[in-house]
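Student: Chains as they are written, first to last, in my numbering: chain U, 1 to 276; chain R, 1 to 264.
Treat the hints as calculated values from the structure; they're not laboratory data. Positions of the beta carbon are idealized from the N, C-alpha and C atoms, including for glycine. A couple of the hints might just be wrong.
[What the hints assert, rightly or not] From the structure, some residues in chain U lie toward chain R, with a derived Cβ separation under 7 angstroms: (1) VAL51; (2) PRO53; (3) PRO61; (4) PRO151; (5) VAL225; (6) VAL261.
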Amino acid sequence: MNSPAAPTPTPTPTPNQAPRPLPVPPGRYKRYAAWMVGIVLFVICCYQVEVTPIKLMNGIPEMGKLIGEMFPPDWSYFPTIWEPMIQTVQIAIMGTTLGAILAIPVALLCANNIVTAKAVTIPVRIILNLVRTIPDLLFASIFVAVFGIGPFAGMLALMFFSFGLIAKLTFEAIEAIDPGPIEAMTAVGANKIKIIAFGVVPQILPYFVSYLLYTFEVNVRAASVLGLVGAGGIGLLLDRSLGLFRYDRACIIILLTLAIVLVIDYASNVVRRKLL
Amino acid sequence: MNEKMPKPLLFRVQFWLIAILIIAVYVWAFLGMDFAGIQSTAKTVTLSILKGFAHPDWSFVHMEGGEDLLSGLLETLIISLLGTVVSAFVCIPFAFWASANMSRGWAASGTGKIVLTIIRVIPELIVAILFVKAVGPGAFAGVLALGIHSIGMLAKLYSETIETIDPGPSEALTASGANRFQVLVFAVLPQVIPQFLSYSIYRFEINMRSATTLGLVGAGGIGTALIFALQTRNWSRVAIILYGIIVLITITDLISGWLRKKIV
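The whole structure should be built from the sequences, with the hints applied where relevant.
Tutor: The structure is reproduced here in structure tokens:
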């Protein structure tokens with residue numbers, strides 16, 4: 001968004017010489033070159049995946065047609081989708097909680113101010129990062145293969161997904177706590193467990209609950225699509241409705257998902273704001 | 001922490017009410033899990049999965065003129081790049097609409113915030129499914145899905161940045177007779193661009209992760225190969241795809257983390 005018309009700010013010599021000179025901004029030509037390179041890269045990328053303006057133009061009427069078929073939503077389908085929707089929320093609750101329980105010891109093992117041995121923190125962190133790169137739907141597919149189709153597989157998938165997220169957020173919060181209480185307790189001879197229970201937990205608890213609620217919000221959204229791979233919840237019905245070209249049914253499913261997610265997001269935001 | 005101090009009755013009642021509520025929610029959620037028991041095939045399936053992960057299908061990494069791992073990963077990367085770039089620009093007007101200090105009156109910024117919330121809460125895979133139905137399967141649907149979905153979050157973060165800017169420069173420019181556009185270009189944008197860039201790069205990291213699964217619904221990227229491998233239970237191929245995803249995401253995370261540190 002750097003407008004080419006913007007005057008290049010030249011560093012003016014001041015009588016009070018600053019101790020550190022400001023970095024000289026790149027010249028006009030350099031900026032033009034950067035924009036050119038960016039635009040060329042963008043065009044190459046578009047060409048590579050065949051994203052063209054013509055496709056967009058052709059797509060817009062199709063999208064209009066689709067939306068036209070979605071309305072009015074099929075309200076008679078509502079009783080059928082209510083139960084899977086509830087199941088979606090249940091999957092999210094169980095997955096988040098189990099993931100959070102798993103995350104507590106791992107977060108403590110990652111934090112530099114609790115475990116001073118680098119030989120422990122670094123490998124645990126690497127494993128945590130690897131877990132976080134695995135998509136939740138892949139977890140779900142694997143668990144469906146092992147445990148069969150149903151919400152249990154979805155719960156396990158979300159458990160691993162939430163574990164990675166909560167453990168990362170929590171260990172970063174643990175590293176940012178006030179070291180005072182820990183030092184004081186070390187000085188009077190408390191052991192590691194006592195330090196964690198009385199020096200770390202009280203400081204970290206509001207953050208932990210806040211991250212738990214945030215992950216729950218993310219998980220409700222994730223759970224609503226888990227059914228696409230057979231892991232329970234509303235996604236299965238969405239997939240089926242779309243497969244049968246019943247867009248009015250798909251619409252009511254999306255609307256209900258939207259409503260549930262909005263309510264949960266709002267409630268969890270209220271609680272989180274009270275906590276922090 | 002202090003057990004000796006008697007707590008007021010109201011506090012205790014509140015505490016127990018919340019505790020009972022939470023326990024009730026968990027019992028309810030647990031009952032919904034209807035665990036069917038481990039299937040008789042679970043052991044053999046687990047063994048074959050583990051075997052697949054121990055022996056990934058290296059031949060899939062590069063195949064002559066076919067849909068191989070490298071081309072899939074490249075497509076994933078491009079989808080997430082394009083989705084991020086498109087949303088990073090498209091969301092700017094939305095951000096100004098939703099920010100309280102830039103739009104006139106709370107009604108404008110309020111409606112902007114509501115629109116962004118609605119965009120944000122629709123799961124991106126659902127957006128992707130709709131675009132696949134509309135424009136056909138392929139990377140284009142994925143780019144559109146990521147682009148639309150990212151607008152919701154990016155515009156929210158952008159508007160929060162805009163709300164925290166120093167009003168001094170804008171006032172000074174207005175006082176010296178600049179019009180609204182000039183104020184925008186010379187007073188507002190210079191203050192917010194580093195933060196905008198940082199948020200966009202952060203969003204790129206999130207989009208990378210989403211782009212890996214977009215293919216499951218037919219929206220392009222490595223997910224297309226992944227869903228085929230999963231459906232045919234070709235675990236050694238699933239394994240090599242998973243390893244590819246892990247390597248790609250780790251590398252892009254490192255690069256974007258380094259870039260964000262340089263910017264802010």
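Student: Each of the hints needs a verdict: does it hold here or not?
Tutor: Going down the list of hints, with the structure as the test:
The interface hint given for U/VAL51 holds, since its Cβ lies 5 angstroms from the closest Cβ of chain R, which is under the 7 angstroms cut-off. At about 11 angstroms, the closest approach between the beta carbon of U/PRO53 and any beta carbon in chain R exceeds 7 angstroms, and the interface hint on this residue is violated. Interface hint at U/PRO61: violated, since its Cβ lies 9 angstroms from the closest Cβ of chain R, which is beyond the 7 angstroms cut-off. Interface hint status for U/PRO151: upheld, as the beta-carbon distance to the closest one in chain R is roughly 5 angstroms, under 7 angstroms.
The interface hint given for U/VAL225 holds, since its Cβ lies 4 angstroms from the closest Cβ of chain R, which is under the 7 angstroms cut-off. Of the supplied interface hints, the one on U/VAL261 holds, with its beta-carbon coming within about 4 angstroms of a beta-carbon of chain R, less than 7 angstroms.
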